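Undergrad: In case you want the letters, here they are:
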Amino acid sequence: MNSFRLSKILVNTITYIILTAFALVMLFPFLYMFATSLKTPNDTFTYPPRFFPREQSTIELDGYDEPLPLYFVLANGEKKEYALVQSGIPAGVYADPNDLETAFAVPLAFVKPAIGGGEVTLPDGTVQELMDVPVEGKIMQLVQVNRTALGRFVDPEDTTKEIYQVVRTSEPATRITAHPENYIHVLKMENMERSLTNTILVTIFVVVGQMVTSVMGGYAFARLRFPGRDKLFLFYLGTIMIPFVMLIIPLYQLMVLFGWTDKLASLIFPWIFTAYGTFLMRQFFITVPKDIEEAALMDGASRFEILYRIFLPAAAPALATLATFTFLYAWNSFFWPLVIINTGNYENHVLTLTLNMLRGRASDSANLILAGAAISILPPFILFILGQRFFIESAMSSGVKG
Amino acid sequence: MHKDAESTNITRIETFINIVTGWHFFLSFAGLILLFFIIFKQLFSNLPSWLMFIGTISIIFLVGTSFFAGIQLRKRTRVGRTISLVINYLGFIFSFIALLQVLGVFLGVDALAKTFGSGIGWLAGVLAGYLIHAAGDQFHFRIQIEELFRKIGKYIALVFFTIFLFRVGLIKALIYLGKQIIIPTNLMIAFLVILFGIAIWLMWREETGIYLHRNNAQTEALEGYLFLSPNLLGFLIFFAFPLVFSFYISLTDWDAFGNSNFIGLANYLTIFRLNLKPLASATQNFIQVMDGSIYSELLRFNLFGKYFVLGAADARFWISLRNTLVFCIVTVPLSAIPALLLSNILNSKIPGMKIFRAIYFLPSIAAVVGISLIWQWLYNATIGYINYFITLGLQFINSIFATSYPIALIRWLSESRTALLAIIIVSAWQTMGFNTVLFMAGLQNIPKELYEAATVDGAGRWAKFWKITLPLLAPTTFFVITTTTIQALQVFEQVFIMTNPPGSPGTSTLTIVLYLYQNGFQRFQQGYGAAIAWVLFIVIFAVTLLQFRSQRRTGAYDV
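From first to last, the protein sequence lines are chains A and B. For the first sequence, position 384 matches number 384 in my numbering, and the numbering has no gaps at all. For the second sequence, position 282 matches number 282 in my numbering, and the numbering has no gaps at all.
Isolated chain B (complex conformation):
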């Protein structure tokens, strides 16, 4: 047929593949040179060691894979194309992100925020355009009208969005970018982006694919990773890596300014260092039995008539752990049991159910900060409603039963006996509605026939609740308790806002996360803070595991 055309086509494909092959050998070689400079010429030696480590590893990886890709491409294999595409794609993405970073695009968000207020009104026009566009659906019986609506909506949205862009400084931003990109180093990165882009294009082309024996599985796999890549890369950078990194930090004495020494498990040893000593008398001075420069007193107790004192190297950690556990043990039932009760009532198809459900849900969508501010005033000792209601209640009781309970104004947030309780009440109040909705979802999964059968057998309300609802609701209950517990173990914002200074009075509301915050961001002992985070994680993991096992034992029915 078109023999000539086909052969020129093939020569072209061959040339393209050869170009990419050369590119891979070049990349490999460039990587090697870079490695040489890093290792022997102390290039980048001012960067932190962990970053050097990661950088070196990735360059070695690049050298190896790129070399392999080059060899495979020379052999014209399918694998060569896959690896080449992956390398070039990653190279493209990372150099593109680097370009955005050096051009200042990410920091441009701040500039946008400055002018955003003046353009925000025009976004309403975009919304209106969208609504007109969507309103077209109402006329699906008249295709012309539908189309008209959609077109008008689209143009309105576009016009308003353009105005918005100009209002927030599109032109200024473009001028700025133009100035930035002609800086030589930035230009080089831009050039790198283009090179990677060209390599991708050469390999991705239909013809190249067919020439290198692509098959459906390969295409689908590449497409799969392509679709997943934004999420996966971001997830690795902002989640998986920090998670591993956090463990490394916990093994150092990192301060927030980048100075760090590897100190092994020393942070963990400090956290867990305890010492138990007998006391001669209940009031003996602590320093007489223990080294006061290492330990401070945690608690004294009486066992079989003998007095003991427990000292800890970091007493505040143990106090915060105790506070957090107390908080957790009280908050979880306080928010879960009423939720269980309410969900059962709401499930009985009574009129107005949706309104009640909506009302109960409200606290869980409001910002914890806002809620804490409200409750701070409700708890106010002299003018707050909580004390007022208590006073009213006591007056009522006193007048009815002729008792004389003293009416004292409780200083909720500034008395160590009540501060933690006050925070527990707020947290339970806030999570209760959310748990109610979760329980309702669980209740809807229980087959109605079971209740009908039980009614036929003459079972009463309570019998049905205990014998059917509770066992069948076990998976939901498990979920509710686990999530509420995990949340409760991380309590921070309520304490931070409501007590002043946070954790006061004394250490009565010091929680683990608050202690972590104080260490990591106020005293800037980030290594120690990271170690506390890992201890908290172990506590959370243990609690979850414990609940998981107890759920197994009670034999939750799977519905």
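Pulled out of the complex, with its shape left as it was, chain A reads as follows:
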């Protein structure tokens, strides 16, 4: 019994490990997107990559107008955060003539020619003067082998404690930050704001339009007998699998004929009459019991009244499923807008098109591009959290046999 329980725990643990691993793989790109979209431009170029947005910590010290950046320095063998008060101090690199390997960088101002020092000839043939160099509190007689620039760092708690070291190789002290203003910035770029409203408008039209035509068509197929109905329905079914790519060129020509190229109308009207939506609604309406409808007909109700008062309220879940499906399609579509809305006509761009433009214009600002990507990805995610059920059902309904 005990070993059974143990093996069960083991199996469960392995199960959760597998599931979590996959979940991480699925989530990581999105988490990366959000984290990066909050970064400063410099922060996106660090290697090794840092996940969370970070920036230089600063501190305000008396006597300095601007906040001072903090760096890690070695003070008495301890790693401490010091503030950089001055940088670019001219300095020399000094070493013992007999041991050129261990060198010390010291500001030129602190160095004096050694009393009675004289000159030394180095192995490479250059002649250097011996200097008195203060190193860790002691004065040493060294020669200058190179020049550099140093930064002056002070202890924020006791500004008399000073340390000089090379700024470039110092490890900056950082803290986690967030720059949500990236989103505002990107909305102001490349017509993003307008394309967001365009996308919303197009999506509303397509979703509402498709629901109306699908509900009416689905009702006709499910409940009304007319000659040729079943053949027509088979025809509808047969076309569901036909890929959109087949239509792209003739539909483009049709739009040219209508004068709808570059116009939002071309993103709306061709997409509100679908076989799939009609099929989905028909499948649902066929399950509604007939007796209520017949009673209503007896009472003299018209077909429109029956559809509006009896079928529509019952069809709320099916409608929501259709709406989510259509929403995703309209919101995410890229190929058709790319073809039909000219690159030059910014006014009528939708989000995906603007993102494509942004990719070229801001190619080195990962933070801005990914903020743009987040703007296009977030609305479906929010809707998904609100109505997860309908998304899952719309996925499953595409898998119904038939």
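No wet-lab data here; the hints were simulated from the structure. Mixed in with the good hints there might be a few duds.
[What the hints assert, rightly or not] Derived DSSO-like pairs (lysine-lysine); straight-line CA-CA distance at most 30 Å:
#1 8(A) to 154(B)
#2 179(B) to 188(A)
#3 114(B) to 154(B)
[Said to hold, decoys possible] Now the stretches of chain B that chain A is said to cover, found in silico as 3 or more residues with beta-carbon under 8 Å:
#4 52-66
#5 112-126
#6 227-237
#7 245-255
#8 447-456
#9 530-540
In this text the structure is predicted, and so the values were computed from the model without any measurement. Positions of the beta carbon are idealized from the N, C-alpha and C atoms, including for glycine.
Following the hints, complete the assembly by docking chain B onto the known chain A.
TA: Same frame as chain A, now just chain B:
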């Protein structure tokens, strides 16, 4: 009884029917005159030929049916009413759409989009009104409160919607429409709409119906077509017609500007034109064996010690076909097999299952464009996470096993060996969760009793998976594989976004749809592009058929 009233009634109906009869003869006659002008006087000859063809056919059809309707109406038959209603309804719809088009209503969407941003906030008020309306349901035990909520909700929504309409420029739009409609040609179309409308009203009336012996079947059929008509008409115009039209385009050398010549199957011949020639040596120059102005080199190979070279008139097409098939063959199992595994784990009623399912589903609802942008940065050679993780992994392995695998930064998207693989990974990642949900739906259809019976018989986990789950899941598996394959054969957006220029490096990520796009919309050889679309369709059809047959052979159980 009311003899007089009845007889005046009948005279009225008779007059109405006579009016409509006259209308149909008039329509027929007008159509004939129009035909005469089109054929002999070159009216509309500046329109493209295919449009002339369709227009002429529909006018002939109108002349015939309208004449027939007139004759039937004179005989006062039921059929006459049906045909008359159909003709007038179609006339009404098409002239109404034409009116909207000439008034600029469809293009008005652009103007709406311009002002939509300033009114969008008010739509939130409409939503709030709806929510209040819906909240009334909570009080179904107190009918007054329920009614109150609904009323308030309705008014709030209405008020906010009105404000919204004014904000986005309702008045401006109305003024514009008013100016447009007084243009004489527009006024004529509006008049036509009204005429068709009146004809419908005269025929549809209860009295007319009864007088012309309508029955339930006729009413139901008319209502059926009425309900289906918005969808059916739109479907015919925006789907069925383009589908047929696309085949016609593929037989021409159409460029996007409307110039076209019929060239028969020439486009298809160019696509499929191949030539195989033996080579004297492995490195012999291609132009020495084949006409370089027609063929370009596709591949060389060695067969039984002899070298051959294969030339194609359109080598890029064959390369794109190969890339697409490779993409498909790797992506489909890569997204379906993990999905099968995950769905089986998730199906075992463990706590937290819904959360995992939701997480797996996320990638499939995000825009491909957005996802491609994310992965483009993940694939970045110097600062991307993919290389970073690989580096970490190699360092770990090297330190554990004391090996020394070299750590090189892979330039995923700009090296021809890895570019296609990079895109495969993204696509598999994106479709996996969706497939998991599909498999879960299939698993729920398998009767639990089967597993219980198998457990009683002492079957283990694996035995149950192989003997029950897999065979009974076959229809779902078939569906998953088919849809994923069809999608994979159309891969475009990922390539377009992630590789720069699309299809690079070289031709290593050139896919069929990308090639179609380049032909149709960058080189504007739309005839050739349409032909590529049909070849792709045949490939998709063949693959589906193949999978369908293999599913039949393995004998999927129908559950």
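Undergrad: Does each hint fit the structure? Answer for all of them.
TA: Each hint tested on the structure:
1. A distance of roughly 56 Å separates the Cα atoms of residue 8(A) and residue 154(B); the hinted pair therefore is violated under the 30 Å criterion.
2. Annotation: proposed proximity of residue 179(B) to residue 188(A) is violated, straight-line Cα distance about 36 Å (limit 30 Å).
3. Between residue 114(B) and residue 154(B) the alpha-carbon distance is near 28 Å, which keeps this suggested pair within the 30 Å criterion.
4. Under the rule that three or more residues need a Cβ within less than 8 Å of chain A, the assignment of the stretch 52-66 of chain B is violated, with 0 such residues.
5. Under a criterion of three residues with beta carbons nearer than 8 Å to beta carbons of chain A, the stated coverage of the stretch 112-126 of chain B is upheld, 6 such residues being counted.
6. Requiring three or more residues with a Cβ within less than 8 Å of a Cβ of chain A, the coverage given for the stretch 227-237 of chain B holds, as 9 such residues are present.
7. With 4 residues bearing a CB less than 8 Å from a CB of chain A, the stretch 245-255 of chain B meets the requirement of three and the coverage assertion stands.
8. Check result for the stretch 447-456 of chain B against chain A: violated, 0 residues qualifying (beta carbon to beta carbon below 8 Å, three or more required).
9. Judged by the Cβ-Cβ criterion of 8 Å, the stretch 530-540 of chain B is covered by chain A as claimed, because 6 of its residues qualify and three suffice.
In summary, the structure is inconsistent with hints 1, 2, 4, 8 from the numbered list given earlier, while agreeing with the others.
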